[in-house]
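Peer 1: If you use the working numbering, the sequence shown corresponds to residues 1 to 522, in order.
A few of these clues could be false.
Stated by the list, open to error - Computed Cβ-Cβ distance ranges for the label pairs, DEER-style:
1. E85 <-> A35: 25 to 31 Å
2. R11 <-> A109: 36 to 42 Å
3. T32 <-> D87: 36 to 42 Å
4. T298 <-> Q55: 29 to 35 Å
5. D473 <-> D87: 46 to 52 Å
Unchecked claim - Calculated lysine-lysine pairs in the DSS-like style (CA-CA distance at most 30 Å, straight line):
6. K471 <-> K506
7. K501 <-> K518
8. K471 <-> K518
9. K518 <-> K506
10. K471 <-> K501
To be clear, the hints were calculated from the coordinates, so they are not data collected in a lab. Note that CB positions come from ideal geometry on N, CA and C, so glycine has one too.
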Amino acid sequence: MVEPLPRDFGRYRLVQLIATGGMAYVYRATLTTSAGLTKELVIKKILPHLARNRQFIDMFIDEARITMPMNHGNIVQVYEFGQVEDDYYLAMEYVRGRNLETVLERLRADGRQMPVELALYVAAEVARALDYAHRFRDERDRPFGIIHRDVSPQNVLVGFHGEVKLTDFGIAKARSRIHETAQGIIRGKACYLSPEQAECRELDGRSDIFSLGVVFFEMLTGKRPFEGENEVATLDLVRQARPVSPVQYRPELSTRVEGIAMKALHREPERRFQTAGQMQRALELALHEQAPECNAATLAGWMRELFAEEQNGNGEDVKNDGGFDASLPTVDIRSTSDERTAAPTGSKTSATAIVLFMLLAAAALAWFVLRNAQPEAPSSEKAERGATPEPDAGRVASPGGGPQMLSVVSPDGGPALAGGDGEAEADEAVRNGSADEDHAIPHENRTARIGYGWLDVNAYPWAHVWLDGRKLDGETPIMKLKVRAGWHRLRFFNPSLNIEKIRRVKVSPGQTVAVIEKLAEP
Numbered sequence: 001m002v003e004p005l006p007r008d009f010g011r012y013r014l015v016q017l018i019a020t021g022g023m024a025y026v027y028r029a030t031l032t033t034s035a036g037l038t039k040e041l042v043i044k045k046i047l048p049h050l051a052r053n054r055q056f057i058d059m060f061i062d063e064a065r066i067t068m069p070m071n072h073g074n075i076v077q078v079y080e081f082g083q084v085e086d087d088y089y090l091a092m093e094y095v096r097g098r099n100l101e102t103v104l105e106r107l108r109a110d111g112r113q114m115p116v117e118l119a120l121y122v123a124a125e126v127a128r129a130l131d132y133a134h135r136f137r138d139e140r141d142r143p144f145g146i147i148h149r150d151v152s153p154q155n156v157l158v159g160f161h162g163e164v165k166l167t168d169f170g171i172a173k174a175r176s177r178i179h180e181t182a183q184g185i186i187r188g189k190a191c192y193l194s195p196e197q198a199e200c201r202e203l204d205g206r207s208d209i210f211s212l213g214v215v216f217f218e219m220l221t222g223k224r225p226f227e228g229e230n231e232v233a234t235l236d237l238v239r240q241a242r243p244v245s246p247v248q249y250r251p252e253l254s255t256r257v258e259g260i261a262m263k264a265l266h267r268e269p270e271r272r273f274q275t276a277g278q279m280q281r282a283l284e285l286a287l288h289e290q291a292p293e294c295n296a297a298t299l300a301g302w303m304r305e306l307f308a309e310e311q312n313g314n315g316e317d318v319k320n321d322g323g324f325d326a327s328l329p330t331v332d333i334r335s336t337s338d339e340r341t342a343a344p345t346g347s348k349t350s351a352t353a354i355v356l357f358m359l360l361a362a363a364a365l366a367w368f369v370l371r372n373a374q375p376e377a378p379s380s381e382k383a384e385r386g387a388t389p390e391p392d393a394g395r396v397a398s399p400g401g402g403p404q405m406l407s408v409v410s411p412d413g414g415p416a417l418a419g420g421d422g423e424a425e426a427d428e429a430v431r432n433g434s435a436d437e438d439h440a441i442p443h444e445n446r447t448a449r450i451g452y453g454w455l456d457v458n459a460y461p462w463a464h465v466w467l468d469g470r471k472l473d474g475e476t477p478i479m480k481l482k483v484r485a486g487w488h489r490l491r492f493f494n495p496s497l498n499i500e501k502i503r504r505v506k507v508s509p510g511q512t513v514a515v516i517e518k519l520a521e522p
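All chains, please: the whole structure from these sequences, using the hints.
Peer 2: This is the structure we're talking about:
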């Protein structure tokens with residue numbers, strides 16, 4: 001039966017059915033106030049036969065419970081959860097655009113690749129959303145404990161105004177959930193899962209970082225790093241987590257871009273970026289080096305060109321579905337044993353039964369007015385560790401209005417050190433895995449007065465790094481390392497090559513110095 005549209009639905013008016021999935025109908029709708037003002041939004045309405053299923057209702061409520069308190073420019077806003085007669089619904093933002101999966105499919109169909117700078121920009125915006133969600137605290141200042149668990153191109157919305165929004169927290173893990181996933185069940189799309197998800201291990205925010213790494217890899221290359229002939233084969237590849245370098249598909253990628261992708265895709269969470277904010281800053285640094293002028297307007301122009309045939313003469317979206325896909329398959333995997341066992345790296349996993357069923361429709365997408373400024377950053381948690389105390393935060397501006405480039409020659413005769421990210425964020429604490437992920441940036445004058453600068457440390461192919469005798473967490477690339485102005489000693493060591501090198505570098509107040517040490521020939 002085709003329902004007549006438009007029609008009233010409570011205080012909303014349903015205008016257009018834009019998607020139907022395994023769990024919900026999704027409508028473009030309007031809300032008209034008593035003053036005659038109209039707002040465009042999306043209504044996601046649970047399917048009638050599921051309205052009698054308490055489990056699905058609880059999952060629907062969970063999506064509202066998790067998403068409604070959050071308010072961030074890179075996350076689709078949920079305005080309201082309600083019920084009209086027997087219909088449960090969510091009222092949500094609407095974005096005129098497409099989801100990233102549709103964008104990537106269009107590029108494949110056209111035989112094109114996504115510009116590297118736009119892949120960096122989109123990934124950085126998604127990382128910004130994840131950083132906010134992972135650190136979100138409730139009204140009593142308690143951690144919400146959100147893990148998205150389904151970071152995939154279908155859940156990344158790219159608007160025609162250049163906005164990037166993360167959506168569909170329907171299977172997110174959070175402290176406030178009503179419905180808990182049963183043991184031995186994995187929620188998510190197989191090729192975007194993290195190894196710990198595929199092995200039913202305990203998850204934290206680094207699982208989302210791995211999934212974002214998969215999405216970033218796909219944006220760069222047009223290929224998924226883990227994709228087998230079927231779901232079982234795909235899960236085996238995910239568990240092993242041995243991706244090829246994206247350079248194999250796109251040789252022009254810089255070492256920094258390659259390093260970001262490979263670090264995010266490391267099998268061991270301890271060797272990935274430890275926070276989404278850390279990955280965000282790495283992406284932004286690479287973007288600044290690749291295309292410092294790239295911004296939301298750049299993305300908007302590219303999106304309108306990519307989907308030009310779906311725009312009318314006024315530049316309006318004719319398709320008008322907001323990029324929404326209501327059919328999002330979720331992989332449910334129950335072990336044949338009652339006990340969950342983690343498959344060892346490189347081994348074949350025990351037989352698993354795979355059930356594909358349509359779970360939550362992707363969240364809908366929002367009436368959106370392009371902002372003239374970046375969204376206000378949330379306040380950070382205080383860093384518990386770090387060699388240098390964090391100064392007060394503000395915004396940095398280089399004296400000439402743009403980034404400064406600094407050349408420094410180390411006294412031991414090493415190669416020149418290039419640097420200078422005038423808008424870089426000071427965050428040595430991140431190197432040590434602490435929680436200071438504030439997006440605010442120290443004011444240059446204040447920084448110069450205190451006497452701090454920054455180091456971006458990298459090595460080819462990779463290395464562990466010691467700064468002034470203290471071992472830094474993780475491995476290269478290590479970026480935005482805040483240090484006191486003056487001379488510093490860096491020790492690079494690659495245990496696989498058994499090669500060690502020592503460098504000395506001078507950092508001036510308010511400057512960023514990039515150190516790249518070559519331990520072997522490419």
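Peer 1: Can you let me know if the beta-carbon spacing of R11 and A109 is within 36 to 42 Å?
Peer 2: Holds - the Cβ-Cβ distance for R11 and A109, about 41 Å, lies within 36 to 42 Å.
Peer 1: When you check the alpha-carbon spacing of K471 and K501, does it fall within 30 Å?
Peer 2: holds (14 Å)
Peer 1: Would you check the hint for K501 and K518, treating anything up to 30 Å between C-alpha atoms as holding?
Peer 2: holds (9 Å)
Peer 1: For T32 and D87, compare the CB-CB distance with the range 36 to 42 Å and indicate the outcome.
Peer 2: The hint (36 to 42 Å, Cβ to Cβ) is violated, given that T32 and D87 are roughly 20 Å apart.
Peer 1: For the hint 25 to 31 Å, verify it against the beta carbon of E85 and that of A35.
Peer 2: The hint (25 to 31 Å, Cβ to Cβ) holds, given that E85 and A35 are roughly 27 Å apart.
Peer 1: Are K471 and K518 close enough, with their CA atoms no more than 30 Å apart?
Peer 2: With a Cα-Cα distance of about 19 Å, the restraint between K471 and K518 holds, given a limit of 30 Å.
Peer 1: Within 29 to 35 Å or not, the Cβ separation of T298 and Q55?
Peer 2: violated (44 Å)
Peer 1: Has the given pair, K471 with K506, been kept, meaning a C-alpha gap of at most 30 Å?
Peer 2: Holds, at roughly 19 Å.
Peer 1: Go ahead and decide if the range 46 to 52 Å is satisfied by the Cβ distance of D473 to D87.
Peer 2: holds (50 Å)
Peer 1: Quickly compare the C-alpha distance for K518 and K506 to 30 Å and report which way the hint goes.
Peer 2: holds (19 Å)
Violated hints for the displayed structure, listed by number in ascending order: 3, 4.
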